[in-house]
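K.L.:
From first to last, the protein sequence lines stand for chains A and B. Residue numbering for the first sequence follows our numbering, starting at 37 and increasing by one per position. Residue numbering for the second sequence follows our numbering, starting at 8 and increasing by one per position.
It should be emphasised that the hints constitute simulated quantities derived from the structure, not laboratory data. All of these numbers come straight from a predicted model, not from anything done at the bench. Ideal placement from N, C-alpha and C gives every residue a C-beta, glycine not left out. There's no promise every hint is true.
Between beta-carbon pairs, the in silico distance windows are [what the hints assert, rightly or not]:
1. A/L96 to B/K531: 16 to 24 Å
2. A/L96 to B/S470: 35 to 43 Å
3. A/Q99 to B/K531: 40 to 48 Å
4. A/T87 to B/P190: 32 to 40 Å
5. B/E360 to A/Q99: 43 to 51 Å
6. A/V95 to B/P190: 27 to 35 Å
7. A/V95 to B/Y309: 27 to 35 Å
8. B/V307 to A/V95: 28 to 36 Å
9. A/T105 to B/I289: 35 to 43 Å
10. B/E192 to A/E84: 48 to 56 Å
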Amino acid sequence: MKPATVTCPLCGTQFDPLEHAACQTCPLQPGCQLVCCPVCGYQTVDVEKSTLARLAGRVLASQARERTTLSKSRGNRLEAG
Amino acid sequence: MHCHDSSKPPMSDNNGSIALVGHPNVGKSVIFQRMTGKHVAVSNYPGTTVEIARGAARDLDSTMLVDTPGVIAFPPHSEDEQITEKVLLEEHLKSILQVGDAKNLRRTLLLTVQLAEMGLPMVLAVNMMDEAQARGVEVNHNALREHLALSVVPTTAVRGIGVSDLITALKTAAPPQFRLAYPPEIEGALAEICWRLPKSPVSPRALALLWLSADAVAETWLRERVPEVTYHELVAIRESLQLSFFEPLATVIQKTRLGYIEQVSKDSIRETGEGRQSALAILGRLTTHPVWGLVILGAVLYVLYWFVGIFGAGLMVDLLETRLFGQVINPWFTGLVDRLLPFGFLRDLLVGEYGLWTMGMTYALALILPIVTTFFLAFGIMEDSGYLPRLAALSNRFFKTLGLNGKAVLPMVLGLGCVTMATLTTRVLESKRERILVTLLLALAIPCSAQLGVVMGMLAGISFAATLIWSGVVLAVLFAIGWLAARIMPGERTQLLVELPPLRLPLFSNVLLKTLARLEWYIKEVVPLFLLGTLIMFTLDKVGILALLIKAGEPLVSGWLGLPPETSAAFLMGFLRRDFGATGLFMMESQGLLTPAQVVVAMVTITLFIPCIASVMMIVKERDWKTAAAMLTLIFPLAFMVGGLLNHLLLLTDWGL
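Only chain B is shown next, with the shape it has when bound in the complex:
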């Protein structure tokens, strides 16, 4: 049992403490609990609100154990991570106990290399061995030990396996005999820096590497401890070294480490398993291959297109919208309303052209629901099979050419689910440049799951070529804007570090539960918005503004985009939610009001719209209103410009007329 007592001051140990360091959620606290037992003090780290637990290790002569906040790598990117670095730089440490996740060994090793460079006695606990084995991942800890020249102990802390070995290893822990060679220019700078550094708990080489990586904690630490002249000399060395590299020094240093880790991983990780597992392992490797990865992606998209487009938007929508709602529910409900409600206005509000039932509920339940159900099912399968991280790794190559890479890929992939939430997660990006750039690309050209479903449904009704034209144009815009923006706003680029789980057969129960949960969330969010949108359209129609807007939009919609004037109503609906507008277009297509070319033009235009009102609110919240206004000013004209250009191109080629 833990005994948290924040009233007592932090315990100290004159012989030095042991720092427990590792990524979040790798089992540090479990190991801490097993080694310390009841006597634990939890207190805020001085000057912060970050809590740190300290406790005496029972079998290590009551040596103090410090449970530090989870850290991904250095330089730190959050206050919690900064505290971990402060513990390493400021506390009197006897040794470091790194807890790593056996399932995510590559990511673990990036931190291991950085900790080993610090030169303190160190032990690496490769934890969650049971889960790694269950996933068919075998870790050769002897190979790890040889490569890293430090004590490596396999553990399954939740069951107490390996904890006694860990205690034995900590008793004899020695500084790792490990030295990673960096490019000669960096090695030269390290030599220049090291002799200028004051005495520190970590090795001068590690401190110098932190300094070169522009680590904020190390910078503050040094500023407080070296004379002004020396500090300026250190700055000059770093600035002069930067001139030798195109990429930021932190990236060059990290790349060197990643190269080494790749080699260590090859010798230390083996995917086990026979038969089906082996075939899946091969397929898993192929999914990130530059050529085969694209072939597999094409196959995945085709299956998605068939399942969502042909089955969901074709067969299911036909059953629900045409037969159930069109022939049974809506005629019955309209008859009922006609009989019960004597007022024409109220009848129109419920079952008229812009009626809450005939438009709002029918769109939400008969048109969108079958499409998003099939899409969420397909997305759940992709998630549960472990394909999504592979898609991130594969698209990283593509995004690199845009000037974007690393963590920027994650919000873009996430945007395929919900652009609003993806905008929120641009917070994980390190530079302001990347945050703005990714927000813009998300708002401009990443369709969310619901819209993607409707788009696929509409295009599947025409031909696969229509889908290719739509995806080609949207990708071209994404590429062009990303490329241009990256050149207008040059800056630091970061690495993508994502651990690939083994590819596996998805579990039916997982996929089903996730799909149901997503559908419930979608209905709760979309139905009120669809009803609100319908009410707005109804009001505009009744007061005569809708007709004026359609007329005013004619030169743009009919003249430039080559679409029927009524399409303006769908674009107006698209201001509220892109998929609402797209559903209006879907309805027009099913009534035979649009030619194939017009469908493709309309879909491209509405895809390049702002995703929904919620995402605009999120952009204002996350960036500021000026940035949001600038983005909207760019996005709307661009959407119509691209749509119009495509219309004229299709007219020239006589496609889909």
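Only chain A is shown next, with the shape it has when bound in the complex:
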């Protein structure tokens, strides 16, 4: 069983972006970072396939980690106090 990683913004279906048969017949760029919902056909982006989005995602994730570490260390200091 493959993990469902994209949620269709139109109908809410969660689907595996690797299974987007409709997009593979696109005359523009088959295999680009756009994917089609298998239920309603809505086109959305697979951020994992975009270099820009992946980089931004890493930055956001590292910032979130820093915030978590910071709040944990503050919590520890408060407990110690």
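Here the structure of chain A is known, so what remains is to put chain B in place on it, guided by the hints.
P.N.:
Using the frame of chain A, we list chain B on its own:
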């Protein structure tokens, strides 16, 4: 762990199997895995390439569990869905276990009603309860149980919650005591049909309803099992019943079910949450209201107009195009090229009037990029907030009057993103009529995101009234052509069934990542096309054909449309991509070469053009070249006719001269 072994024959169970049925991606396979464990056989369904997994349920005396392909509703619309129906009609089943999505309960219930009508012992697993709760949706499974008269078990299968209750319920599963009353004419026909039907694993009433809905699998099943005379009698009953209704029987039957489901949903679904969530829930309901929905849509469009038009196309373009490219980059680059390249031809190719840098790259990076960035941001917010499905539901009312409804709305909304991809998704439409009609409307009057951005940018530079005139004319053409085409090609109409997620505040990270991914895709696709377009224009200019074309187009462009002759060049560019042409017009407007009235006329004309060369290729691929040629033959003259009529109307009213 799964143990897939396709070499072994499918396992069978003399006491009957349990069929796992449900929509795609609702957690059927997770439940299957939890109930069967390791011993699973995966094989193609006989005569097809569709795989079916079968496994013995550990806690149900090794009763065989059949994991069927996802199905939305019956009649089926794909080979996968047909296999699910074949399992129900042809296999010896002990019971049905429907897995439904608690977040999308209305859609789940449409299938529940159909399965319950089959009369087999049945259990409904309302799965993904955790996600529903996280979205503020509370499902009252007791109310569901009372309404549907069957076992309902809430589950969160990924965590194993409710699976043991499911096993207990399956041990005592009974046929649902449920009977939905259809209109009297249909009830009469059902009585006529039922006694003619052969013995089947499902109830005669369910089989008769499938027959009346023109279900292909049921038709084949019956043709193989009833005498020729009886089959013709069944056909006659169906045809005679159809005369009593304006709509297809499948639609009448489905509408009856939907009416019932609406009642069940009211009693079974509650949106929870306090404060902000409640305010959002109220706003969410208002977005689909016939009056308030339009008011909210107007407000959304105004914000979009302000953000994309005033901020993106005004302020950002001014910063990038006028200041950065116009005063810094382009003069420096032109100077550099002048110094380094001794050949006039090459200098012109790079930095001339139709230069790859001064036109192609400047259009793509300085003009289009800030506009599409703001538009993609706004679109991402609309997507992430859950507004888009509401827009589909609201526009469904409008499209109904065109003779279009149901699934046809989805490609039209999708067309606002990319018309080429939307043309591809007309495949989701059930009838050829709807596929052709929606393809035509998409090619004619649905502007894609990039073009919409440029149009808004140009019109924002004039006035809000200009935007209203443009949108009014485009909507009027959409309405008129849709209405006419629906009457020329009458046929079956389908229902829209879209589950509305709760309206929520968009997540900054989601919107940002989607916008970046879209921008990357756009740059990869658009920059090469803009460069190609510029090269074509450069070549036409150098060999003198461009001047001839501009002169030849003068009677149409200047005489009929009332535009400067140079506008022909922008229309030529529009053949490659509508937004490329629109950007040429944008440039002319920013140089003060167009009056407000001319801007509106030019924008209406170019909006009604074929979207881009890729969409034409897609139309040929999806329909055929004859249909594509017929559409082009209609679209181009119509675009110029409407543009010209608008020009003369504006001249009469002295608007924007």
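K.L.:
Hint by hint, note whether the structure agrees.
P.N.:
Checked hints:
At roughly 23 Å, the beta-carbon separation of A/L96 and B/K531 lies within the given 16 to 24 Å, and the hint holds. With their beta carbons about 40 Å apart, A/L96 and B/S470 fall inside the hinted range of 35 to 43 Å. For the hinted restraint 40 to 48 Å between A/Q99 and B/K531, the CB-CB distance of approximately 27 Å leaves it violated. For the hinted restraint 32 to 40 Å between A/T87 and B/P190, the CB-CB distance of approximately 57 Å leaves it violated.
Separated by about 46 Å at the C-beta atoms, B/E360 and A/Q99 satisfy the suggested range of 43 to 51 Å. Evaluation of the 27 to 35 Å hint for A/V95 and B/P190 yields a failure: the beta carbon distance comes to about 60 Å. Evaluation of the 27 to 35 Å hint for A/V95 and B/Y309 yields a pass: the beta carbon distance comes to about 33 Å. Distance hint check for B/V307 and A/V95: the Cβ-Cβ separation is about 30 Å, which falls inside the suggested range of 28 to 36 Å.
Distance hint for A/T105 and B/I289: a CB-CB separation of about 39 Å, consistent with the stated range 35 to 43 Å. About 53 Å separates the C-beta atoms of B/E192 and A/E84, a value consistent with the hinted range of 48 to 56 Å.
Going down the numbered hints, you'll see the structure goes against 3, 4 and 6, while the others check out.
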